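Asks: Protein chains in written order, with the working numbering: chain A, 1 to 136; chain B, 1001 to 1503; chain C, 2001 to 2118.
There's no promise every hint is true.
Straight-line alpha carbon distances no greater than 20 Å define the calculated PhoX-like cross-link-like pairs of lysine-lysine that follow [unchecked claim]:
#1 B:Lys1478 - B:Lys1053
#2 B:Lys1432 - B:Lys1293
#3 A:Lys2 - A:Lys60
#4 B:Lys1026 - A:Lys65
#5 C:Lys2051 - B:Lys1162
#6 C:Lys2096 - B:Lys1154
#7 B:Lys1162 - C:Lys2027
#8 B:Lys1293 - B:Lys1358
#9 B:Lys1432 - B:Lys1368
#10 B:Lys1452 - B:Lys1368
#11 B:Lys1478 - B:Lys1320
#12 B:Lys1478 - B:Lys1358
Everything labelled a hint here was simulated from the structure, so no lab data went into it. Source: prediction; values computed, not measured.
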Amino acid sequence: MKSAILQTATRYLLPILLLFSFFLLLRGHYYPGGGFVGGLVASIAFVLHSFANGTENTMKILRYKPLSLIPIGLAVSAVSVTFPLLLGFPPMTGLWFEEPIPVIGMIGSALFFDLGVYLVVIGVVLTILFTIALND
Amino acid sequence: MIDNHILAPIFVQLFTAIIQLMFWRKTLTQRYLSVGGSLVGLMVAFRLFGRVKESGILTLNAANWDAPFGIVFVADLLSVTLVLLTSIACFAVSIFSSVGLSRQRMLYGYFPIFHFLIMGLHGAFLTGDIFNLYVYFEVIIISSFVLMTLGGRKAQLEGAVKYMAMNILASMFFLTGIGILYGITGSLNMADLSIRIQEVQNKALIGITSCFFIIGFGIKSAVFPLYYWLPSSYHTPPSAVAATFGGLLTKVGIYAMLRVFSLIFVPDEFTRTLLMVIAVLTILTGAFGALIKTNIRRLFSYLIVCHIGFMVGGIAMFSKIALMGAVFYLIHDIMVKTNMFLIAGLIRQLGGTMDMGKLGGLYRDYPKISLLIAIVLFSLVGIPPLSGFWPKIFLFQEAFAQHQYFYVAALIIGSFVTLYVIAKMWSEVFWKNPPTEEEIDNRFAPMPPYKKILMVLPIALLALVTLYIGLNAEAIVKVADTISTQLIDPSAYIDAVLGNKTD
Amino acid sequence: MELLLVLILGLLYAAGVYLILRRSMVKLLLGIILWGNGANILIFVLGKITKGSPPVIDGAYKVFQDVYADPIPQALILTAIVISFGLTSFAIVLLKRVYALVDSDDLDDLNTPEEEDI
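So that you can see chain A by itself, here it is in the shape it has in the complex (with noise of 0.2 Å):
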């Protein structure tokens, strides 16, 4: 499908959505939003992009397969779920920086388990969609 307003609504999209995706990420803890769903919107800029341009751009803009995404989200959760074995708490046990960062707000392991589910949707999301639409 080629349709210029679609090409050049895209590259405007593409960031946006990417920066709400990355938005919904950090306030996931006490606000609706989360890794999940930001992993989606996420993905889905991807897929519009796919959807405007083909799917062989898509991968090329993307660089690595999405595929590498997955061990690295799935290690940063992991890591990040065990982790507080080390000091003594049981696993998944939300532990808290005492200050707040600036524009990220408070940082916890929670917010590394959701990144890492984030990447993961990403990956599994992309792998699939790319499997289907290059098998035709």
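Based on the hints, put chains B and C in the right spot on chain A.
Replies: The following block gives chains B and C in isolation, referenced to the frame of chain A:
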């Protein structure tokens, strides 16, 4: 008692899988990592088993939330026994698959998915929260879908569709049941549910809810009217995968039944009768199905169904001795069934086919391997003093005490049919002279010696465990005795989970 | 509101069962999806719906000041949605592969005799 390390078996499998994903397409590294990770997992499971046996039930409150509110993980003797057996089976299968699997399948990520599957099994055994049990069931079935379809040809993918449809259906029943259960009681913690469900006035509603769980777990464990997906899909994937499925996946359904029906829905007269009817019919249909099959793996698939019935019967009688029999049979069955499918894979390598008519003369060519296989087959049949014999004593004893003569008859028929089909298989595959007109495609002989050893070693390892279970039955009976005491009287479990509130 | 949701979930279950009983693979998939959504609404309804008071504490307080919605059903539904998302996308890929191999949408055609394979 709170112990923050009971999740170690889960984390070992999780990290093994993640590290393997980082070595995507490097199959040699993945093989080393898989065997190494399984070995570490086995040691961790042994340690956990020892600790629970010594100091009683251990719990863990995930994220430091107190018991009925957060997710709780509980390691009682039943859980850790199954975790230990799963780890042993995982170790054996991972050695076997490092030589018994085509490289193409490994490239598609067989090993990481296999370890995710084992992680799901460990999680299902250790969790004390019913929704978490559902989540681990989903981890198991998603991994098993991938394993089922991996690098698949036509027959394998067709089997996978049936497998997928039935298992998703089972999950939906399970989820619906959980939803209603939460609506009735307002809790998801199994120990808490056990207390709250007794305060509910509307017993009929609870009976209906328990039917959702019977159907959900019934599909997973392949009992009578719901079993047909199993024989039509288990013979399609590679033998290493079929070993994991046949040995472990149906047994998760039995574990879930044991847990849910001992803690939450203590069986009343109706449930017992229902389970007993299901058990008898499962044994009979499984046995009759096994009679007519000539393909080894199809035969074993029907034997799985048949022997699931033995355990469901034990749950149906729901007394201390019956549960002892069911638990002992579960322990025996996991080891033997895993081994049976590995043996099917080995026979396929030796004789080039799994059709009994086209095989023959294996005893003449490989007497040592045949004797090793004979041990496993005898254990399966239940020749005294081997492992299949002991649990049946308890089941018979209790069935006579409760006047369940249909079950007694089914047990006898099931055992004799098992004996008959195994004897038939033995004479066809091992004693009969090979059919002369057909070329035998022996893939075992040209293998380098280390590969031959790696192929036989896991079978020998599992056979050794089976021998231990049979010859040292006293130790297993003691374990089964403690487990069934805990199942009949769950107050120890409830105290261990909810008692922490006051500390 | 509750009555409406109950009717919808009954409809979803019924439609799901009907579609699952058909012979087409695609209808099987659609049936499973509808049934999954029905189960989610069931959990939502059973969690006692409370209008307009989400379980989010205002920044100024430490504890809840009045009646609030039960957050657990929402957590359960969210988990169930994530899981069914994974299952559905896998099922679509699988059914597409099977369709390409078998060249039929009919579940009764899935009976190729076993190929020997280890």
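Asks: Run the distance test for lysine 1478 of chain B versus lysine 1053 of chain B: straight-line Cα separation, threshold 20 Å.
Replies: With Cα atoms ~11 Å apart, lysine 1478 of chain B and lysine 1053 of chain B stay inside 20 Å; holds.
Asks: Against the 20 Å threshold, does the CA-CA distance of lysine 2 of chain A and lysine 60 of chain A hold or violate the hint?
Replies: Distance ~18 Å between lysine 2 of chain A and lysine 60 of chain A Cα, so the pair holds.
Asks: Does lysine 1293 of chain B pair with lysine 1358 of chain B here, judged by a C-alpha cut-off of 20 Å?
Replies: holds, 14 Å
Asks: Is the straight-line distance between the alpha-carbon of lysine 1452 of chain B and that of lysine 1368 of chain B 20 Å or less?
Replies: Within the cut-off at roughly 13 Å; holds.
Asks: Are the Cα atoms of lysine 1432 of chain B and lysine 1368 of chain B separated by 20 Å or less?
Replies: holds, 17 Å
Asks: For the pair supplied as a hint, lysine 1478 of chain B and lysine 1320 of chain B, confirm whether the alpha-carbon distance does not exceed 20 Å.
Replies: holds, 13 Å
Asks: Run the distance test for lysine 2051 of chain C versus lysine 1162 of chain B: straight-line Cα separation, threshold 20 Å.
Replies: violated, 42 Å
Asks: Just to be careful, I want the Cα atoms of lysine 1026 of chain B and lysine 65 of chain A compared with a cutoff of 20 Å; is the pair within it?
Replies: Holds, at about 16 Å.
Asks: Regarding the pair lysine 1162 of chain B and lysine 2027 of chain C, is the alpha-carbon distance no greater than 20 Å?
Replies: holds, 14 Å
Asks: For a C-alpha distance cap of 20 Å, please report whether lysine 1478 of chain B and lysine 1358 of chain B respect it.
Replies: violated, 45 Å
Asks: Given the hinted pair lysine 2096 of chain C and lysine 1154 of chain B, is their alpha-carbon gap at most 20 Å?
Replies: Roughly 12 Å between the alpha carbons, so the hint for lysine 2096 of chain C and lysine 1154 of chain B holds.
Asks: Just to be careful, I want the Cα atoms of lysine 1432 of chain B and lysine 1293 of chain B compared with a cutoff of 20 Å; is the pair within it?
Replies: holds, 18 Å
Going through the hint list in order, the structure does not satisfy hints 5, 12.
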